[in-house]
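Asker: This is what each chain is made of:
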Amino acid sequence: MSAKQSLSSLILGALFGSGLLISGMIHPQKVQNFLDVAGSWDPSLSLVMGGALLISAIAFPLILKRREPLFAHKFHVPSAKNIDAKLVVGSALFGIGWGLGGFCPGPAIVGLVSGSSASLLFVVSMLLGMALHRTYHDLRSPPT
Amino acid sequence: MHHFTPISALIGGLLIGVAASLMLLLKGRIAGISGIIGGLLHPSAGDASWRALFLIGMMTAPLGYLLWTGRLPEITSDVSNRTLIVSGLLVGFGTRLGSGCTSGHGVCGMARRSPRSLVATLTFILSGALAVFVSRHLIGVTP
Numbered sequence: 000m001s002a003k004q005s006l007s008s009l010i011l012g013a014l015f016g017s018g019l020l021i022s023g024m025i026h027p028q029k030v031q032n033f034l035d036v037a038g039s040w041d042p043s044l045s046l047v048m049g050g051a052l053l054i055s056a057i058a059f060p061l062i063l064k065r066r067e068p069l070f071a072h073k074f075h076v077p078s079a080k081n082i083d084a085k086l087v088v089g090s091a092l093f094g095i096g097w098g099l100g101g102f103c104p105g106p107a108i109v110g111l112v113s114g115s116s117a118s119l120l121f122v123v124s125m126l127l128g129m130a131l132h133r134t135y136h137d138l139r140s141p142p143t
Numbered sequence: 000m001h002h003f004t005p006i007s008a009l010i011g012g013l014l015i016g017v018a019a020s021l022m023l024l025l026k027g028r029i030a031g032i033s034g035i036i037g038g039l040l041h042p043s044a045g046d047a048s049w050r051a052l053f054l055i056g057m058m059t060a061p062l063g064y065l066l067w068t069g070r071l072p073e074i075t076s077d078v079s080n081r082t083l084i085v086s087g088l089l090v091g092f093g094t095r096l097g098s099g100c101t102s103g104h105g106v107c108g109m110a111r112r113s114p115r116s117l118v119a120t121l122t123f124i125l126s127g128a129l130a131v132f133v134s135r136h137l138i139g140v141t142p
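Line by line, the protein sequences are chains A and B. Mapped onto numbering that gives the first Met the number 0, the consecutive letters of the first sequence carry residue numbers 0 to 143. Mapped onto numbering that gives the first Met the number 0, the consecutive letters of the second sequence carry residue numbers 0 to 142.
FYI, nobody ran anything at the bench for these hints, they're computed from the structure. This one's a predicted model, so the numbers in the text were calculated from it and none came from an experiment. Glycine residues also receive a C-beta, built at the ideal position from the N, C-alpha and C atoms. Treat the hints with care, as some may be off.
What follows is a set of in silico ranges between Cβ atoms, one per label pair, in the way DEER data are often shown [what the hints assert, rightly or not]:
#1 84/A with 69/B: 44 to 54 Å
#2 129/B with 130/A: 25 to 35 Å
#3 64/A with 45/B: 18 to 28 Å
#4 133/B with 114/A: 42 to 52 Å
#5 130/A with 77/B: 23 to 33 Å
#6 125/B with 2/A: 37 to 47 Å
#7 64/A with 38/B: 18 to 28 Å
Work out the full structure: start from the sequences and follow the hints.
Answerer: This is the structure in structure tokens:
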């Protein structure tokens, strides 16, 4: 990978991580308060998604009109179109875990560097969950 | 309402939107964190380093905070270790099965007007709210 590729990956990660940190999403209790409509509701996180979409919903369609990205030869955009049980069940399981712990993948990764033991325990369990999915996936459709 | 922080939430959200858009413009990649991590667990040739570097970049954000404020951000959780483990397993398994999380579906997929991502986002917000309602108000797992 070229220096341009490596450096841009690092900088984009730093920008994304800074956004998560500044937004407050790295705090699990704030996430849970956002989801706690019947209790201590904190609507802040709707502004995180709103702010992100304000930029990306305008930029994405314009960018995808290009023939190729600036530093690569093709766009890697998901091609699946069907709304199936995997999508809904997977998202439902994710949501339950998100609500119970207050962590989703990005903020948990950023939180690792705060020295929070909760972030570490969550991330290790999340990696295990991803590995379990891989095993489950391979059992259902063995790699050829 | 509890500790409403609209300005920092909006600024953080705008930054996330800029980062996700630049990711697509420069690299043609979707800034979906569960997908980026998942791809690292079973990497294919030439596909691992951008993922690792992006995640390392994310982890430099608290160091920027440290330089700015003189301390690391403090993350507190009142959830038991057992619940954290269960939630981690669910998030890991669920995001892979459902092909995305808050960033991949909630930001990037919604920005592409993907019906799949709209369904996924509504599903995880609703099930997340339900999980908080049950754990906080029915069982009382967390205060």
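Asker: Hints first: check each against the structure and report whether it holds.
Answerer: Now the hints, each set against the structure:
Range check, residue 84/A to residue 69/B: about 50 Å between beta-carbon atoms, so the 44 to 54 Å window is met. At about 27 Å, the CB distance of residue 129/B to residue 130/A agrees with the hint of 25 to 35 Å. Take residue 64/A and residue 45/B: their Cβ atoms lie about 27 Å apart, and the range 18 to 28 Å holds. The beta-carbon spacing between residue 133/B and residue 114/A, approximately 31 Å, falls outside the hinted interval of 42 to 52 Å.
In this structure, residue 130/A and residue 77/B meet the distance hint of 23 to 33 Å, their C-beta atoms being roughly 28 Å apart. In this structure, residue 125/B and residue 2/A meet the distance hint of 37 to 47 Å, their C-beta atoms being roughly 44 Å apart. The given range of 18 to 28 Å is respected by residue 64/A and residue 38/B, whose C-beta atoms sit roughly 26 Å from each other.
In the structure shown, a violation is registered for the earlier hint numbered 4 alone.
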